[in-house]
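Chemist: With the hints as constraints, model all of the structure from the sequences given.
2 protein chains.
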Amino acid sequence: MPEHPFDAAVSLEPLGEGLFRGHTSERYWNFVGPFGGITAATALNGILRCPERIGDPLSLTANFMAPIQAGPFTVRTRPVRTNRSTQHWSVEILQEDRPVLGALAVFAERRDTWGLREATPPEARPYLECKPFKAPLEIKWPGMYEMRYARGRFGVENPDSLTHCWIADAPRRALDHASLTAICDAFFPRIFLRRSRLAPIATVSLNIYFHVDAGALAKEGTGPVLCAAKAQVFNKGYYDQEGQVWGADGVLLASTHQIAWYKD
Amino acid sequence: MPEHPFDAAVSLEPLGEGLFRGHTSERYWNFVGPFGGITAATALNGILRCPERIGDPLSLTANFMAPIQAGPFTVRTRPVRTNRSTQHWSVEILQEDRPVLGALAVFAERRDTWGLREATPPEARPYLECKPFKAPLEIKWPGMYEMRYARGRFGVENPDSLTHCWIADAPRRALDHASLTAICDAFFPRIFLRRSRLAPIATVSLNIYFHVDAGALAKEGTGPVLCAAKAQVFNKGYYDQEGQVWGADGVLLASTHQIAWYKD
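Heads up: the sequence lines are chains Z and V, in that order. Each residue of the first sequence is one higher than the last, beginning at 1 in this note's numbering. Each residue of the second sequence is one higher than the last, beginning at 265 in this note's numbering.
Derived DEER-like restraints, expressed as beta-carbon distance ranges: (1) Pro435/V to Pro122/Z: 39 to 49 Å; (2) Leu116/Z to Ala272/V: 36 to 46 Å; (3) Asn347/V to Arg78/Z: 16 to 26 Å; (4) Leu116/Z to Glu387/V: 17 to 27 Å; (5) Asn83/Z to Asn347/V: 31 to 41 Å.
To be clear, the hints were calculated from the coordinates, so they are not data collected in a lab. This one's a predicted model, so the numbers in the text were calculated from it and none came from an experiment. Even for Gly, the Cβ is constructed at its ideal location relative to N, Cα and C.
Modeler: Rendered as structure tokens:
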């Protein structure tokens, strides 16, 4: 079976001692740089590739520090502190020896405990009843996903910024923490749900909490997952986004937050 | 006027080149370590004290990597990348040369733009109609805040984990980004709103997005602010919390998220 484009995009060549070489992907290209989700997933993949890693991803914060140019980059991972069941990591992606992304991650070995699902998935129109979405934009990465919007229209002044969207990799690929990371950045910028005018935006910081371990995630298969996202405030050049990714049987797979810059 | 206890707790002695010495505060002590909010505020204060800092805090992610012992610590700040209007920082707090906290922050010079407030504050009982809350615990830091709960009871099995709480520094102190950071960690652990049994918990990662700049924050005076917080899921030893801090006139000052470990 040929390599899935997602795996090719986040693939890393080990250079030794927590160092890896990667390369931007044309297929996951955005307007002027790579799709942020694929870059964050590549940073996470750097940790996943380290032999000293324990457990599964619990949290990831990726700060996008500068534009990323088409071409090679270096990923530098560092296990900052290892405890009994958690491990703290720092990751940097560099181009020309300058950081373009900085990330912190926590990995954890999870154990069975008392649990409670408080949040419930939104009542969204089923996947098969929603139309496939084609981005009205000359960008490539949306074509790497099947997206079907059950709520919210892109590029018009919706009464609110809440969207419900079914998302799966295209072609289909079994969900894992890396692909889930990318999906957490695949919700369209909230500002384009409140303003019809398209203007430059850029994610500044992306935060993800993973609520299931690799074993539970493997049960999801190839999706699609149901994603909800909304903004709270657009103020003085920055807006936030909060989102949830729901799996089968109403399991919350991840919650995600980001703050993004926008040009007026 | 004597120094406010908060300022004493987050105070730092410069050691040169982005290095500072701090000391844990007895007044903001939790069960077995300092109140996490004061530690995160101290990390932010390290950046605020750096002369090369531009703009105001936009985002802060603080990862709590290991228990902090009573005594001195070192704060190491590093401006990782400075752009035209944003600046990316990394902060570490160390004890005995080992990191106990790692943080990433973004600072930004904000400018007037089109804006929209989508989220609205909860309809909460007014501050004066709520009873002052006394924590039923032998811990000190809650005494450094005036807290009045308008929704949710601590230590009982509430039907959900959503709380509305008025919070102000005690004694009162004009709000700034450092004190707002601490307040973002001052909501009681969500698990104690769903289980009556008190068991060990620890915040692993705290994330804050600041939605106003220093000028707007200064208008808030000494509060109180209205804080909403809830959990989405408790699963396999970890639960999340999302919160909002509302100022006067329904302005969203900050949104915050954290993931915490719990012992069964």
